[in-house]
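Between the sequences and the hints, there should be enough to build the whole structure, so can you do that?
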Amino acid sequence: MLNLNHEKLRSAGLLVLRVGIGCLMLVHGLAKLNGFSTMSESFPDPIGMGSTLSLVMAIGAEVGCSLLLIIGFATRFASLPLAFTMIVALFVVHAADPWQAKELAAVYLLVYVSLALTGPGLFSVDHAVFGRKTSASLTSEETA
Numbered sequence: 034m035l036n037l038n039h040e041k042l043r044s045a046g047l048l049v050l051r052v053g054i055g056c057l058m059l060v061h062g063l064a065k066l067n068g069f070s071t072m073s074e075s076f077p078d079p080i081g082m083g084s085t086l087s088l089v090m091a092i093g094a095e096v097g098c099s100l101l102l103i104i105g106f107a108t109r110f111a112s113l114p115l116a117f118t119m120i121v122a123l124f125v126v127h128a129a130d131p132w133q134a135k136e137l138a139a140v141y142l143l144v145y146v147s148l149a150l151t152g153p154g155l156f157s158v159d160h161a162v163f164g165r166k167t168s169a170s171l172t173s174e175e176t177a
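Each residue of the sequence shown is one higher than the last, beginning at 34 in the numbering used here.
Hints are computed from structural coordinates only; laboratory data are not their basis. All values derive from a computational prediction rather than experimental measurement. Note that the Cβ used here is the ideal one computed from N, Cα and C, for glycine as well. Among these hints, one or two may not hold up.
What the hints assert, rightly or not - Estimated spans, in silico, between C-beta atoms of each pair:
id: 1; residue 1: 110; residue 2: 60; range: 13 to 23 Å
id: 2; residue 1: 43; residue 2: 71; range: 35 to 45 Å
id: 3; residue 1: 63; residue 2: 83; range: 17 to 27 Å
id: 4; residue 1: 161; residue 2: 79; range: 34 to 44 Å
Here it is, written out as structure tokens:
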């Protein structure tokens, strides 16, 4: 049987996680956006797209996808570019660096993978638009 209080508590935790991690990454993306003109020529180009395009892609993920996470829209999809950005940061950009330089990217990566697997929870635009299910249908799905 579905325990709605448990589901609401889990969803509250996902809301805090989404909004918190989204805001934290948004700060990184806004710094890149604000410094675009000075960073575009020298931004790391770890996968051969060119510095400017690499910066645009990083900003797109860190600003655009973070905003999507914060509101809980297209959450699983939005987690993927963010996870990819952290994979590149962890295994390519910081490959030769000590663990302390890699750790933040690893933490972000774990959160993005977790959100891709769990989804946004009840308190999200995703749920409001796509996830309206009755308690009866949820109960039958859980027992199946």
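How the hints compare with the structure:
1. At about 22 Å, the beta-carbon gap between residue 110 and residue 60 stays in the expected band of 13 to 23 Å.
2. A C-beta distance of roughly 43 Å is found between residue 43 and residue 71, which places it inside the suggested range of 35 to 45 Å.
3. At about 22 Å, the CB distance of residue 63 to residue 83 agrees with the hint of 17 to 27 Å.
4. A beta carbon spacing of about 38 Å between residue 161 and residue 79 agrees with the range 34 to 44 Å that was offered as a hint.
Checked against the numbered hints above, the structure breaks none of them.
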